[in-house]
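Take the given structure of chain V and dock chain C to it, following the hints.
For reference, the chains in residue letters:
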Amino acid sequence: MIALEVIDITSNPVNKYVYLSIILFAIGVMGVLMRRNAIIILMCVELMLNAANLLLVAFSAYTGNVEGQMVVFFVIVVAAAEVAVGLALLISIYRNISSTDINLLNRMKG
Amino acid sequence: MLIELMGLRKILIPFTILGLMAILYMNFMHWNEPAESYYNSMYLVNRTTTVFNGILLVFALIIVFLSANFYKDEQNHWSDYLAIYMFAVCGAMLMVGAHHLLMTFIGIEILSVSLYVLAGSNRKKLESNEAGMKYFLMGAFASGILLFGMVLLYGATGTLHYEKLSTFLYSHTTLNIGFLYSGLILILIGFLFKVSAAPFHFWSPDVYQGSPSLVTAFMATVAKIAAIASLYLVLNQVFVPLHHLYDVVLIIVSIATICIGNILAIIQSNFKRMMAYSGISHAGFMLVGILAVDFNHWDLIAYYAAGYGIANLIGFGVAIVVFKSMQNENISAFNGLFFKRPILAVTLTIALLSMASIPPMAGFWGKYYVLSAALSKDLLLLVLIAIVNTVLSVYFYFKVFVAIYARRADNTPIDVSGWYKGFLILLTLVLIAISLMPDMIARCL
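Heads up: the protein sequence lines correspond to chains V and C, in order. In this text, residue positions in the first sequence follow numbering that gives the first Met the number 0: the first is 0, and each later residue adds one. In this text, residue positions in the second sequence follow numbering that gives the first Met the number 0: the first is 0, and each later residue adds one.
In isolation and in its complexed conformation, chain V is listed as follows:
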């Protein structure tokens, strides 16, 4: 196993990928929290998962450990399944209220 104590986040070839994926992840989180359109929220969740994928590949290539790249395949499959279910739910909601605005989903309170 490769010990990674040497990673110093400021002077290391992998750090650009780290910054990039943290920015992507933050964009995804902000999108989920701030946008009100269900489709855009779905895309932002995908952005979060793909930020994680990018970082996995970067770490994996940097350390020469293929475990990370293997994980990426599984995450891609999971993300695809999530999108399929999400869009199905979206369609069944759209049939009922003819909108994808999640602010309209407020029938339950308390």
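Hint data in this document are derived by calculation from the structure and do not stem from the laboratory. Just so it is clear, the structure is predicted and the values come from calculations on it, not from any experiment. Cβ atoms here follow ideal geometry from the backbone N, Cα and C, with glycine treated the same way. The reader is advised that the hints may include incorrect statements.
What the simulated footprint calls covered on chain V by chain C, stretch by stretch (three residues with Cβ under 8 Å from a Cβ of chain C suffice, anywhere in the stretch; the number is not a length) [what the hints assert, rightly or not]: (1) 29 to 42; (2) 60 to 70; (3) 73 to 80.
This is chain C only, laid out in the frame that chain V set:
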């Protein structure tokens, strides 16, 4: 599905039950065996996972029994519903047995994706759609956070395997602290989302209220207990060297969870919403267990989970038939239940007494074990707050008792078949049995 094509819909439920029993049997074949691992040591079978998986399988069996009555009117979709329930149980068992963070993540996702579908499965009803969509958005968000935490952990240590991670954390003192800490915090947030602990609980009341009742029962028992067990195993197998970091977080989160769950449950009039808040406060108690119980005393958490789950399933089992006949999901639907259906009323009373942790019941012993473990760790303030909240919680369970015994009944009859009543009585006897001999059960686990 295949069985349906062959026109054998009648044997679908017995077939599922037989299959689950076979899995239960195979699960308990590992009871006294040494720990064994599968799939390149990504899945571990030992005594702990055997017991937790056994509990989950028993709950799944009960749910399948109840589903025969709950989905009586839509027999065309029996195979779909049962298949999705079975996928969810499979995910829950993967979560518990996982020995690699990727396996944990996949287990969580199998469980959650199945539950998104089930929560939205009543397509005609807007509440159900809304519950499915809310659960999906919150759940996918939480999975994203969890995954990012795992990736940061991978960056700090170079592996995701539980054993390698824990040897790494024990042997290296000069780690990349930033990645490690932020990874741990993000993983904790993801898990706390799934168990609906306090700052991340807001999805649970809406989802519990909107979903079909049987799905709510499934979420309150199988999904919650799988998440608790998985969190417990991850923290105790991997992150023990860092416990000074997450102990504080768990103390604050469990105090907040217990208080918020109990206080907000008091003002609810919808039974399912009330059960959601009561489930939140019980999750808080189980978090106290995760915090305070040593790894070789995991049987206390298993006992708490079993008592909580069976009481919950009896409660929902009664509620399903009552709601179906009364067309109403408020506590007022139980008005005068004792005079209409005394057996249902008594089983519901026993279940809720256990959830309110009145002394001889399983709920009381579960809380007693957890809190005495917390006392031995000098968490006096936490224990005091938990006891005050337990007393408070009696109030909202008694609101249901008042409805059952003191309110006047209307004339709506409640349809319930004989075998369904017999099944509920059987469950109640099981609950009483595990209440009467807590020591013995906790010892033989």
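How the hints compare with the structure:
1. For a cut-off of 8 Å, the count of residues in the stretch 29 to 42 of chain V with a CB near a CB of chain C stands at 4, and the three-residue condition holds.
2. Only residues whose C-beta sits within less than 8 Å of a C-beta in chain C count toward coverage, and the stretch 60 to 70 of chain V has 6 of them, enough to reach three; the restraint holds.
3. Under a criterion of three residues with beta carbons nearer than 8 Å to beta carbons of chain C, the stated coverage of the stretch 73 to 80 of chain V is upheld, 4 such residues being counted.
In summary, this structure violates none of the numbered hints.
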